[in-house]
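Enquirer: All chains, full assembly: derive it from the sequences and hints.
First to last, the protein sequences are chains U and R.
With positions in the first sequence counted from 1, the corresponding number in our numbering is that position plus 3.
With positions in the second sequence counted from 1, the corresponding number in our numbering is that position plus 3.
In case anyone wonders, no lab produced these hints; they're calculated from the structure.
Treat the hints with care, as some may be off.
Any copy will do: because identical chains look the same in the list, a pair fits if it lies in one copy or spans two.
[Stated by the list, open to error] No more than 16 Å apart at the CA atoms, straight line, and that leaves these computed lysine to aspartate or glutamate pairs for EDC-like: (1) Lys332 - Glu111; (2) Lys67 - Asp250; (3) Lys67 - Glu9; (4) Lys121 - Asp159; (5) Lys121 - Glu6; (6) Lys25 - Asp268; (7) Lys115 - Asp337; (8) Lys329 - Glu362; (9) Lys96 - Asp79; (10) Lys332 - Asp227; (11) Lys115 - Asp222; (12) Lys24 - Asp206; (13) Lys119 - Glu362; (14) Lys29 - Asp227.
One-letter residues, chain by chain:
Number of protein chains: 2
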Amino acid sequence: MVELIEPSLLVDEKKCRRNIKKMVDKAAANNLQLRPHFKTHQSHHIGSWYRNMGVDKITVSSLKMAEYFAADNWRDITVSFPLNVLEIERINKVAGKVSLNLLVDSPEAIEKVAGKIKSKVGFFIEIDCGYRRTGLDPGNLDTIEKILALLDKNRDFEFKGFLTHAGHSYKAAGDREKILSVHRETKDGMIPLKERYISRYPDLVISDGDTPTFSVAGDFTGIDEVRPGNMVFYDLAQNFIGSCDKDEIAIAMGCPVVAKYPHRDEIVVYGGGEHFSKDYSFLPDGTKHYGKVATPVTDGWDAGETGMYVKSLSHDHGIIHAGKEKAEKLSIGDIIYILPVHACLTAASMRSYILLSGERIERL
Amino acid sequence: MVELIEPSLLVDEKKCRRNIKKMVDKAAANNLQLRPHFKTHQSHHIGSWYRNMGVDKITVSSLKMAEYFAADNWRDITVSFPLNVLEIERINKVAGKVSLNLLVDSPEAIEKVAGKIKSKVGFFIEIDCGYRRTGLDPGNLDTIEKILALLDKNRDFEFKGFLTHAGHSYKAAGDREKILSVHRETKDGMIPLKERYISRYPDLVISDGDTPTFSVAGDFTGIDEVRPGNMVFYDLAQNFIGSCDKDEIAIAMGCPVVAKYPHRDEIVVYGGGEHFSKDYSFLPDGTKHYGKVATPVTDGWDAGETGMYVKSLSHDHGIIHAGKEKAEKLSIGDIIYILPVHACLTAASMRSYILLSGERIERL
Numbered sequence: 004m005v006e007l008i009e010p011s012l013l014v015d016e017k018k019c020r021r022n023i024k025k026m027v028d029k030a031a032a033n034n035l036q037l038r039p040h041f042k043t044h045q046s047h048h049i050g051s052w053y054r055n056m057g058v059d060k061i062t063v064s065s066l067k068m069a070e071y072f073a074a075d076n077w078r079d080i081t082v083s084f085p086l087n088v089l090e091i092e093r094i095n096k097v098a099g100k101v102s103l104n105l106l107v108d109s110p111e112a113i114e115k116v117a118g119k120i121k122s123k124v125g126f127f128i129e130i131d132c133g134y135r136r137t138g139l140d141p142g143n144l145d146t147i148e149k150i151l152a153l154l155d156k157n158r159d160f161e162f163k164g165f166l167t168h169a170g171h172s173y174k175a176a177g178d179r180e181k182i183l184s185v186h187r188e189t190k191d192g193m194i195p196l197k198e199r200y201i202s203r204y205p206d207l208v209i210s211d212g213d214t215p216t217f218s219v220a221g222d223f224t225g226i227d228e229v230r231p232g233n234m235v236f237y238d239l240a241q242n243f244i245g246s247c248d249k250d251e252i253a254i255a256m257g258c259p260v261v262a263k264y265p266h267r268d269e270i271v272v273y274g275g276g277e278h279f280s281k282d283y284s285f286l287p288d289g290t291k292h293y294g295k296v297a298t299p300v301t302d303g304w305d306a307g308e309t310g311m312y313v314k315s316l317s318h319d320h321g322i323i324h325a326g327k328e329k330a331e332k333l334s335i336g337d338i339i340y341i342l343p344v345h346a347c348l349t350a351a352s353m354r355s356y357i358l359l360s361g362e363r364i365e366r367l
Numbered sequence: 004m005v006e007l008i009e010p011s012l013l014v015d016e017k018k019c020r021r022n023i024k025k026m027v028d029k030a031a032a033n034n035l036q037l038r039p040h041f042k043t044h045q046s047h048h049i050g051s052w053y054r055n056m057g058v059d060k061i062t063v064s065s066l067k068m069a070e071y072f073a074a075d076n077w078r079d080i081t082v083s084f085p086l087n088v089l090e091i092e093r094i095n096k097v098a099g100k101v102s103l104n105l106l107v108d109s110p111e112a113i114e115k116v117a118g119k120i121k122s123k124v125g126f127f128i129e130i131d132c133g134y135r136r137t138g139l140d141p142g143n144l145d146t147i148e149k150i151l152a153l154l155d156k157n158r159d160f161e162f163k164g165f166l167t168h169a170g171h172s173y174k175a176a177g178d179r180e181k182i183l184s185v186h187r188e189t190k191d192g193m194i195p196l197k198e199r200y201i202s203r204y205p206d207l208v209i210s211d212g213d214t215p216t217f218s219v220a221g222d223f224t225g226i227d228e229v230r231p232g233n234m235v236f237y238d239l240a241q242n243f244i245g246s247c248d249k250d251e252i253a254i255a256m257g258c259p260v261v262a263k264y265p266h267r268d269e270i271v272v273y274g275g276g277e278h279f280s281k282d283y284s285f286l287p288d289g290t291k292h293y294g295k296v297a298t299p300v301t302d303g304w305d306a307g308e309t310g311m312y313v314k315s316l317s318h319d320h321g322i323i324h325a326g327k328e329k330a331e332k333l334s335i336g337d338i339i340y341i342l343p344v345h346a347c348l349t350a351a352s353m354r355s356y357i358l359l360s361g362e363r364i365e366r367l
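Expert: What follows is the structure in structure tokens.
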């Protein structure tokens, strides 16, 4: 076991590589271009595991992240977040070095950057297939045409295709049928756009995101590209949704036990909202929880049910429901491993990872 | 107005200094030793504003934070978090330089460090006056005596007093009477301990925490020391509880507008769970929200009601309820200011602050 003295986010490299391989294989089997989302890990080191498996196109969610990965020789990057027109300087810096794609859903955004972007950039038009966060309704051809007209008249701008993120698949907890219905909704929105525009733009790409539908669905006809992110780590939210098995979760927070309250069935660990962030999920009986306790084993952890879970989090404290017997048995100074509810936000709250070898790896 | 290009946590120095002065004045008026909690800001620069007002004793929540502030010449530090027995090396490093107080609620924790701590350290015994997170029941004299016996027999250990954090005051949303009842409960737990032990330990300190009771209560008889933390910034959760006015909130997140959906009454900003963390509060009608929009003015912001609030957060996106008219009026590239729900976790999610002068200040 790795020696830890404070809350530390452990990464099981084997499980991670297995998850990446699963992405690569599934994309290949379905003739899909894989463009994994790197916001989940934001780490050069973990990025190299994808590269080893032949991945050379990536997705990020900010220009800062694009800059960070460009510095590590990634040469084809899509920023899958609405174009922030205030970051012209970063765009020019990155677009000079790499093939950079940006995302828009309004003529206004393009008008604001026209004449200021000095390098060739690609543009995806974002489509909203039901999530209602960002993107145009697939039927809003009027706005799509206005955007295309603006892109066409600018020599440095190239229309790349239509991109969507079916984030409402996250609400389909445990319901495989619902995830598949979100996936059908996505295809119903995107395929007609492909059919309409493919003759005008023969290289156009239909790009789809989200880990749940990519994990669960089996028919990707009409989709060209996928951008799973969370899948590299997975987490309890994904397990709850039905995207993964618990033993595919590739990260766990190691937390020191600092206090014991067997009469309350609880222990308290060093590890709170500052480390986990505050997303929660639910136990089968409806109890809210912020993470589940796994069992340390020689080469990592066993994700099997322990009955122990994070009942609540304050800034630095994690209150663990342990049951009387387990609370008595644990000692102050023991390290327990906690599977997080939301890998992306937990990883963002920490500033580095620890591999099971003990090596610390950095992230943005 | 400060020029921003990405989500940035703005600190209004004037409001901060006013909040610090409020702490200092209230502590002085009530004959209380002020030992403010620095976990909220975790910044040398902001620490200097307290120092300018005569503060020389501080509270932190980790040994890492103790190390960070010791490096900035703070010489009297209490770590108000259950002793993490795995951090002996840090304890010895810090205790060699500063007057360091640790916190315990079990003989087990002391037994684990006895003989390993090589410098003089103070110990507070943590008492639980009703929050049920950490600490001993005030009536648990048996355990208290065991801890005292262990401290007394170790030359390097000094018993400092009893410490409590009435965190359940946070649940007393909007109910002044409930906050005062939490405060009474605290005194009912702590004062008998003082009376019982003061002859044996004439210098013992009764230390009380939490911003809500310190902000609202008026009678601190029997309490010697207070440790307000959040009060330096305040936030919407504190405003909801009734600890502060909205215009006392001293931080706001500046977020670029990246997309507009007037037909949905919404805009989307760059600023999500990675920046705000995920604590929420409620509007008067019970609607959940993750922040409220303030109005930028020449020298900061006006916290008056705008009707605009953060409806939901994903990793990088903030979805703002703006109403049709305001959504239409805002332009892509505008910066809006958002008052956060939970200052401590929002500040921890960001890695630096921007003063209204534009100066960037660092934090741990």
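Enquirer: Hint by hint, note whether the structure agrees.
Expert: Taking the hints in turn, this is what the structure says about them:
1. For the homomeric pair Lys332 and Glu111, the shortest alpha-carbon distance between copies (13 Å) is at most 16 Å, but the shortest distance inside one copy (62 Å) is not.
2. Taking CA atoms no more than 16 Å apart as the test, Lys67 paired with Asp250 passes in neither setting, with 32 Å inside one copy and 32 Å between copies.
3. Taking the closest pair of Cα atoms, Lys67 and Glu9 come within 16 Å of each other only across two copies (9 Å); inside a single copy the shortest separation is 29 Å, beyond that limit.
4. Taking CA atoms no more than 16 Å apart as the test, Lys121 paired with Asp159 passes inside one copy only; the shortest distance there is 7 Å, against 66 Å between copies.
5. Taking identical chains as interchangeable, the C-alpha atoms of Lys121 and Glu6 are never at most 16 Å apart, the minima being 50 Å within one chain and 22 Å between chains.
6. Proximity of Lys25 to Asp268 under the C-alpha cut-off of 16 Å is found in neither arrangement, the shortest distances being 39 Å within a copy and 40 Å between copies.
7. With identical chains, the CA atoms of Lys115 and Asp337 are at most 16 Å apart between copies only, with a shortest distance of 11 Å across copies and 56 Å within one.
8. For the homomeric pair Lys329 and Glu362, neither the shortest alpha-carbon distance inside one copy (30 Å) nor that between copies (50 Å) is at most 16 Å.
9. Proximity of Lys96 and Asp79 under a CA criterion of 16 Å is satisfied intra-copy only: 14 Å inside one chain copy versus 47 Å between copies.
10. Taking the shortest alpha-carbon separations for Lys332 and Asp227, neither the intra-copy value of 53 Å nor the inter-copy value of 37 Å comes in at or below 16 Å.
11. For the identical chains of this complex, Lys115 and Asp222 are neighbours neither inside a copy (39 Å) nor across copies (58 Å), given an alpha-carbon limit of 16 Å.
12. Proximity of Lys24 and Asp206 under a CA criterion of 16 Å is satisfied in neither setting, with 27 Å inside one chain copy and 63 Å between copies.
13. With identical chains, the CA atoms of Lys119 and Glu362 are never at most 16 Å apart, being 43 Å at best within one copy and 27 Å at best between copies.
14. Proximity of Lys29 to Asp227 under the C-alpha cut-off of 16 Å is restricted to the intra-copy arrangement: shortest distance 13 Å within a copy versus 64 Å between copies.
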